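Top line first, the protein sequences correspond to chains A and B.
Start counting the first sequence at 1; every next residue gets the next number (the working numbering).
Start counting the second sequence at 1; every next residue gets the next number (the working numbering).
Just so you know, these hints were derived from the structure itself, not from any lab.
Small disclaimer: the values here were computed from a predicted structure and weren't measured.
Glycine included, each C-beta is placed from N, C-alpha and C at the ideal position.
Heads up, a few of these hints could be off.
Derived, one-sided and incomplete: chain A residues facing chain B with beta-carbon distance under 8 angstroms [claimed, not checked]:
{"#": "1", "residue": "V31"}
{"#": "2", "residue": "A77"}
{"#": "3", "residue": "G79"}
{"#": "4", "residue": "C162"}
{"#": "5", "residue": "T193"}
{"#": "6", "residue": "F218"}
{"#": "7", "residue": "T219"}
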Amino acid sequence: MNKKISLLILFTILVFFPALQVSATQVYVGVQISNTEKPSGGTFDLLAGTQLSVLNGTPPGSTTVSGSSVTTANDTAIGDTIWTPLINLTSGSTYTARLSVPLCFGDGKYDSRGPYCWFLGTDSQSCTTLCSDKGGTTSSECQEPDDSCTMMIEFGLDCDYCYEGEDPYPYFYPYGSTGYCYYAYYSYPGYNTCDFGYSGYTRICACQFQTGTFNFGFTANF
Amino acid sequence: MKKIIIFVIVILAVAAVFLFAFYNKSGNDISKISDRDIIKFLQKNQDAKDYMQNYPDFKIDKKTILSKDDIIQGQNGQNFKEVYQELELEDNRYVKIDLMNLSSDRGLIAVIDFKTKAVLKAYGIMLFKANGQTTNQTTN
């Protein structure tokens, strides 16, 4: 009979005291974009493809917390927040929230077609050198077209004449007091390669897209 | 022994009446749920209780009575899916509570089931503010 009474009491406890279903270590980690500032001035939205993840400990050598990575599908404006999925963190342990932002360093111009970062070189500078100087690498063959000299105009080049030819090879040629903007050139062997540079000619080059990384170290406390 | 069983049953009945009265103190109208009621509910959950103790400057940032559409939308949304998962598709049954501390960096998201008077979910929030210049730290 005592057993029955015990069962009855146990049943009572189960009925009147619902089970707790949560753990203190389950959290969402968010990074709010409160300001973005280019070294050259002005602000920018974080492009789609920005990734947020949480790392165990402090880099380098830290691993990613399971299930913590998220990649944005749309641009993130100032004031918006990027959130991780629900993750398990250990209270008292140290972590790093890492934001990997696709962007163009310095004065690079974003081109969604690649995406690429376009840069303006100096006289006779090749794309190989230019992209390297800007902290990146060249696009595959350095033959991306600059349709209607759009990028050249964005760089402030005075395109009095925009020549549209067949071979994509954008460059600027100052001719007298005016400028000739080309995105085509003779199909001479070697003229449309990444390594080509020629005195009197300034190239603009599509370099590979870049990633800026921002780390936020924190101790998990709830 | 019969007396003991009768005694236990009477005790249970009294407890049931007491708990029913206690749980229904805020009435059955979910729209009339007060902040005080919410705090009382949250006190029953250990994680929520810990949060409120650790961040006594917290405030109720948002209080949302969930509709069926809210739940469906939440389950298919980009963020906080887990908050809405496993909820029954019912109007005016659940209240989603967003708590945030004064410095706006630690919060809690909780879901209270108004039907069973239980705290179903309580997840922590850790928020950081990104405010910096772009730097050439890594490249592809």
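Any of the earlier hints contradicted here, and which numbers?
-> 2, 3, 4, 5 and 7
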